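Chain A is fixed; fit chain B onto it per the hints.
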Amino acid sequence: MSDIKLSNEEIARYSRHLIMPEVGMAGQRKLKQGSVLLIGTGGLGSPLALYLAAAGVGHIGLVDFDVVDASNLQRQIIHGTSTIGVAKTESAKRRLADLNPLVEVTTYETQITSENALDLMRPYDVIIDGTDNFPTRYLTNDAAVMLGKPNIYGSIFRFEGQATVFYPKEGGPCYRCLYPEPPPPGLVPSCAEGGVLGVLPGVIGTIQATEAIKLLTGIGDPLIGRLMLYDALAMRFRELKLRRNPTCPVCGKFPTVTDLIDYDHFCGIVPELNTLGSQYEITPRELAALLQTDARPYLLDVRNPNEVAISSIPGTDKVIPVDQLAERLNELDTSLEMVVYCRSGVRSGRAVDLLKSAGFRKLKNMVGGILRWADDVDTSMAKY
Amino acid sequence: MATITIPTALRQYAAGYSSVSLEAETVGSLLRGLVEQHPTLGKHLYSEQGKLRSFVNVYVGDEDIRYLEGEATPVTNGDTVSIIPAIAGGRK
Numbered sequence: 001m002s003d004i005k006l007s008n009e010e011i012a013r014y015s016r017h018l019i020m021p022e023v024g025m026a027g028q029r030k031l032k033q034g035s036v037l038l039i040g041t042g043g044l045g046s047p048l049a050l051y052l053a054a055a056g057v058g059h060i061g062l063v064d065f066d067v068v069d070a071s072n073l074q075r076q077i078i079h080g081t082s083t084i085g086v087a088k089t090e091s092a093k094r095r096l097a098d099l100n101p102l103v104e105v106t107t108y109e110t111q112i113t114s115e116n117a118l119d120l121m122r123p124y125d126v127i128i129d130g131t132d133n134f135p136t137r138y139l140t141n142d143a144a145v146m147l148g149k150p151n152i153y154g155s156i157f158r159f160e161g162q163a164t165v166f167y168p169k170e171g172g173p174c175y176r177c178l179y180p181e182p183p184p185p186g187l188v189p190s191c192a193e194g195g196v197l198g199v200l201p202g203v204i205g206t207i208q209a210t211e212a213i214k215l216l217t218g219i220g221d222p223l224i225g226r227l228m229l230y231d232a233l234a235m236r237f238r239e240l241k242l243r244r245n246p247t248c249p250v251c252g253k254f255p256t257v258t259d260l261i262d263y264d265h266f267c268g269i270v271p272e273l274n275t276l277g278s279q280y281e282i283t284p285r286e287l288a289a290l291l292q293t294d295a296r297p298y299l300l301d302v303r304n305p306n307e308v309a310i311s312s313i314p315g316t317d318k319v320i321p322v323d324q325l326a327e328r329l330n331e332l333d334t335s336l337e338m339v340v341y342c343r344s345g346v347r348s349g350r351a352v353d354l355l356k357s358a359g360f361r362k363l364k365n366m367v368g369g370i371l372r373w374a375d376d377v378d379t380s381m382a383k384y
Numbered sequence: 001m002a003t004i005t006i007p008t009a010l011r012q013y014a015a016g017y018s019s020v021s022l023e024a025e026t027v028g029s030l031l032r033g034l035v036e037q038h039p040t041l042g043k044h045l046y047s048e049q050g051k052l053r054s055f056v057n058v059y060v061g062d063e064d065i066r067y068l069e070g071e072a073t074p075v076t077n078g079d080t081v082s083i084i085p086a087i088a089g090g091r092k
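Line order of the protein sequences matches chains A and B. Numbering follows my numbering, with no gaps: position 10 of the first sequence is 10. Numbering follows my numbering, with no gaps: position 71 of the second sequence is 71.
Hint data in this document are derived by calculation from the structure and do not stem from the laboratory. As the structure is a prediction and not an experimental result, all values here were calculated from the model. Don't be surprised by glycine CBs; every beta carbon is placed ideally from N, CA and C. Among these hints, one or two may not hold up.
Below, in silico cross-link-like pairs of lysine to aspartate or glutamate (EDC-like), each with a Cα-Cα straight-line distance of 16 angstroms or less [to be verified]:
| hint | chain 1 | residue 1 | chain 2 | residue 2 |
| --- | --- | --- | --- | --- |
| 1 | A | LYS362 | A | GLU281 |
| 2 | A | LYS362 | A | ASP333 |
| 3 | A | LYS241 | B | GLU48 |
| 4 | A | LYS241 | B | ASP62 |
| 5 | B | LYS43 | A | ASP264 |
| 6 | B | LYS43 | A | GLU327 |
| 7 | A | LYS383 | A | GLU307 |
| 8 | A | LYS318 | A | GLU337 |
| 9 | A | LYS253 | A | GLU170 |
| 10 | A | LYS149 | A | ASP119 |
| 11 | B | LYS51 | A | GLU181 |
| 12 | A | LYS362 | A | GLU337 |
| 13 | A | LYS356 | A | GLU337 |
| 14 | A | LYS149 | A | ASP125 |
| 15 | A | LYS356 | A | GLU281 |
Chain B regions said to be covered by chain A (calculated; three or more residues, Cβ under 8 angstroms) [stated by the list, open to error]:
| hint | region |
| --- | --- |
| 16 | 3 to 15 |
| 17 | 27 to 36 |
| 18 | 75 to 86 |
Now the in silico label distances, taken between C-beta atoms and shown as ranges [claimed, not checked]:
| hint | chain 1 | residue 1 | chain 2 | residue 2 | range |
| --- | --- | --- | --- | --- | --- |
| 19 | B | THR80 | A | PRO123 | 37 to 45 angstroms |
| 20 | A | ASP259 | B | GLY70 | 29 to 37 angstroms |
| 21 | A | GLU331 | B | ASN77 | 36 to 44 angstroms |
| 22 | B | SER47 | A | ASP259 | 25 to 33 angstroms |
| 23 | B | THR80 | A | VAL308 | 33 to 41 angstroms |
| 24 | B | GLU69 | A | GLY148 | 32 to 40 angstroms |
| 25 | A | ASP259 | B | ASN77 | 47 to 55 angstroms |
Chain A on its own, in the form it takes in the complex:
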């Protein structure tokens, strides 16, 4: 450790750390020697990467396979208008190079998988989970447990966030101790469906960054065995106890999961979401043509009212949010030819499944949803 020296340039840059006894020269050298892998460079990853680079963490790895989209900029503050369309890893790297050229940034423009997770994580001291789906969260957890590394967890939904540090090697629980099994697909809405307050990942990501800095420097009480809950609307923080499950399949005494598994399968995700069969599908172009004829179908929108307020297909006959569909079947007529749509075609696919099992037969899901309608039929329509 003592062979790591701070240059005069670094001493000037980090002086507000150095004059605090809790960090000081020793702590700053630990940060410089430390390394952090960020899984996801989006809502949580943005403040994480910015603060960790600013703080002088020596090596930061960024894993993401997405490109920057205009709809990201409401919360993903590491990216900017000038990097729309650029890979998120590259966009983030450019911003970090400007913020602090003294830290090393390695980018991995790839999806983390069971095949590459251990190799990606191995060189890093701390793993940070800033992902957006259950399969990747379980994968990140299991790989971090297997490598004995701390996994700083954060998750957000609408106005609410959770954060904790999973670190079984230091006696704490892991994600599977908290949630042994994932929810079945469709039961818990994603941020893409449910929305998120833009500043929320700023709060949760900054908590994660704080914990990373504490772990690397060895100061303070880490958020191990405690789940921090944040409610932005009530502006309230709460803390719950997290316990290690002695029978946990990954970090328990007798683990049954000792290799990385197929996490999509574990989370109940079928490889091809499109299980409906093509006779239950219609493209936006086909629908547009059909709407001009006398054989015009009944048009059902299964999005939420606040989405309908943004844009909708002219001539829509009915709006029933997919979550209310099961209770409101009596409002629909099985004898009518019906086309169901939503934003991207996923929820309407679920709706068609549900309607099929309720006895409806003259059904079609509009594939690609409003987004594809805006691309293929009405380019003046707003996409969201």
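Quick look at chain B alone, frame taken from chain A:
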């Protein structure tokens, strides 16, 4: 009376309420009272076999009922019972 806090993700199935106060002796009867008021919450909290779902955790105060007496955990006047479901958002 004990108060159940309802997380954002489930509020749409509970007429938008963020918390509900009910008379109950145990966590189990409290949750069933909640589901009686808001039946659509049922499938989000309980499996088809009637067991609490494993991605939904329930706390009395700051303690997980799995480490107390499960659904038989007693609740007393003024207790806060929290439903904490798994949420996954963060990158997108």
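Checked against the structure, which of the hints given earlier come out wrong?
3, 5, 17
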